[in-house]
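Chains A and B, in that order, give the protein sequences.
All residue numbers for the first sequence refer to the working numbering, where the first residue is 1 and numbers rise by one.
All residue numbers for the second sequence refer to the working numbering, where the first residue is 1 and numbers rise by one.
In short, the hints are calculated from the structure, not lab data.
Below, in silico cross-link-like pairs of lysine-lysine (BS3-like), each with a Cα-Cα straight-line distance of 30 Å or less: (1) Lys118/B / Lys184/B; (2) Lys261/A / Lys46/B; (3) Lys116/B / Lys184/B; (4) Lys46/B / Lys125/B; (5) Lys64/A / Lys173/B; (6) Lys109/A / Lys344/A; (7) Lys184/A / Lys109/A; (8) Lys261/A / Lys116/B; (9) Lys125/B / Lys343/A; (10) Lys64/A / Lys344/A; (11) Lys184/A / Lys64/A; (12) Lys116/A / Lys184/A; (13) Lys173/B / Lys184/B; (14) Lys173/B / Lys344/A; (15) Lys69/A / Lys343/A; (16) Lys64/A / Lys101/A; (17) Lys173/B / Lys69/A; (18) Lys101/A / Lys116/A; (19) Lys101/A / Lys184/A; (20) Lys69/A / Lys184/A; (21) Lys173/B / Lys118/B; (22) Lys125/B / Lys173/B; (23) Lys125/B / Lys69/A; (24) Lys184/B / Lys125/B; (25) Lys344/A / Lys69/A; (26) Lys344/A / Lys125/B; (27) Lys69/A / Lys184/B; (28) Lys173/B / Lys343/A; (29) Lys344/A / Lys101/A; (30) Lys46/B / Lys118/B.
If you're wondering where the values come from, they're calculated on a predicted model, not measured in any experiment.
The residues making up each chain are set out below.
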Amino acid sequence: MSANPHAGRRNFLKTAAVGAAGAMGLSALKFDASYAQSTGGWVAGMQINPDIDNKRVICCHDTKMLTAKPANTTWASQNANVDAAAVGANLDQMAMLLARKTTATDAWKTIFRSSKPWASTRVAMKTNGIGGNTTNRPRWTIYKKLTDVLVSLGVSPANIVLYDACDDASVYYNSYLSQTDATKIRAVMSVRAANMGGFKAVTLTNATGISAAADLVDGNIDILISVAACKSHNGTGGHYNYGSCTLCMKNHFGTFTDATKAQHSDNLHVGNSATTPPPPPLALFEINKHSAILGGNPVRQQLCIIDALLSNGASGPGGAWDNRTDRLVMGTFGPIVDYFGAKKILLDNTIMNGAAMPALGVTNAATILPQFLTAFGYSETDALQWIEYTPDAVPAIDATPTSTGGTTGTGGTPSSTGGTSGSGGAARTGGKPAAPTGGTSATGGTSDTGGTSDSGEGGTTDTGGVMSDGGSSAMAAGGSGGTATTAAATGGTKSTGGTTTSHTGGTSVSSSGGTGGGSGKTTASTDVGGGSPGGCDVAGGSRSASRWGAMAAVGAVVAAKLRRLVKSDDSSS
Amino acid sequence: MEIRNMKTGLAFVGLFLGLGTLGCGSSASGGSFPTLNAADFGTHFKFADNQVSGWTQSTFPGSFNTYTGDELVTAVDGGAGVYVDKGMRVCMSQDLMGTDPQIVTVWAYDFTTAAKAKDMFDWKKSDSSASATIPNYDGSVAIGAATSSGLSAIAHFNSLYFEVMLSGYGDQKTTCSACPVAPKFLDVFKTKSN
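Extracted from the complex, chain A is given alone in its bound form (with noise of 0.2 Å):
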């Protein structure tokens, strides 16, 4: 396997760069691959993984997973019970589910992702050692399929960590550890952060005395997992808060800890002072944007796993399970698969029938859980995608959805002044491209030459269009009785399609008399609508998307000045 095999995504992210970077009126332009999230951790809008929507949620319901109701709740019940052979099977067939291919392979492929060598890469695996021989804490097949996905891409089991910085988790995985023996997870155990590099403070606005695992404050780790077990969580002043759940997001009350005290992470667990409705959970959200979490390049968190097979309804997050619920959830960005597994399972009383989530639980979760949305620039309205199935019934993956691309646009109307209106192409509608053609042109937008469409360069990348540049040519050939020759584009990668205001016809200022008014030079914000990130396969984009698009069609416009110019300058020496 390359090294680097995802050139194709780094040329995205240069573009994504140039993008914000233009979007935020920054004059310097950067075209190296530092996204922004490798130094400031999430912003607002930001791709997980470019080839994954961030919405997108997978749930397998599979009864098969556990052989039997483990018999009592201590952890070697609550492992005994476990099919390894369903659970690996149903996690490849969530990951190609979740990142739309038809092969396993070709999806962890496209999941996880390093900048290095994968024989250098270094993986960190979240677990919860919290409590004890009965609490309800992530099965272990779970990283066992994990690290058998890692090591088959070359990943070295020395250089895979299982960890709870908060709370030795050793003492319940040591067992089912291993380098060399593949019936195992093929990791090694961090006692803490011993194996973490040790601690390094942060400071939080939101928390104060706080410290983290250093390896991955200090961007040592090139991959993060968050495996949660699914619990409800009650809390301060007997109200429940963090959304009454425990998941991927708080699972990381364990990569974060305070500074002072051994396995303590009390400045973190803000107090309610009884109040109702419960504050905001201010610092789990901040950690969760925090670039020990989300910074690196590729983004260092990569996949979030609820291990709900078995599930805390009313025991709380300390406690032992109290329902069999067999599911497993995945996605690539925490806010969302919590919010989800909350939502769909932890606060549905048909699935936690074994003990429900305590009235006050449901109350508190209906006001904090939006806000696992909100503080990530999500709402509740958005194009969620919640996919859950049975192995008997799974869904067909869609790997090459219909694009419908940029519609055919007009150039402008024949005039002795030049084009006046062209229109542009219509918004792209979502889809990945058959072929990495992405969307071509739009026709439409301003010339002073008139003419009849610049023709895009966009969707280059292997993705397909995930990034358009927008017409390359600063001077329309000419118009041709103002009809759009390229605007039937092919769509863009996973695209809401692009705005289409910038392609509302040409509006010639100065044309010279061409033949054809035509259409003037394409802005590429179609085109880059055709790339945006964000876009769902089945609402046909988001709000996200659409500020990506925004975001990305400036920088396109920048860039396509800058070639402009750099023509400029080549034709003038």
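Given chain A's structure and the hints, the job is docking chain B onto it.
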């Protein structure tokens, strides 16, 4: 100093134990339990093998623990908040093994006053919608919540609050086979609480 305190504390414990055996009923006492440090508190309430017939101490690492209020978060995560806010000072937990696959995790908490212990009990009772009757105990003193694998019983005696979490009994929603077991542990706690 620490040893002297321990001795003093244990002397109090002995005194109260002696007094406690004189009065045994199904109601909560209203007195105050002596202030013990976490280690002594744990030792006091720790079950010996077969103290409840057929139940022995788990040998799994970490099966017996004590916590101050500040430390409870290490055991039950943010769930510690409700205990600490309601006045929990120290507590202990212990896992015991019964006839396979039956197990129990017992918790004893010092809330320093009977009112606080009752407040914790009332909150937990309400929060978990506990309604399973514990034989020989009034529902205002001890009650249980059935789960899909056992029973979570709670009780308060004196200034102390207790949890007895039984597992390995199968679904208890219709028939509570664990309900007669819970009072065996609560009886010991009650005796030690006076």
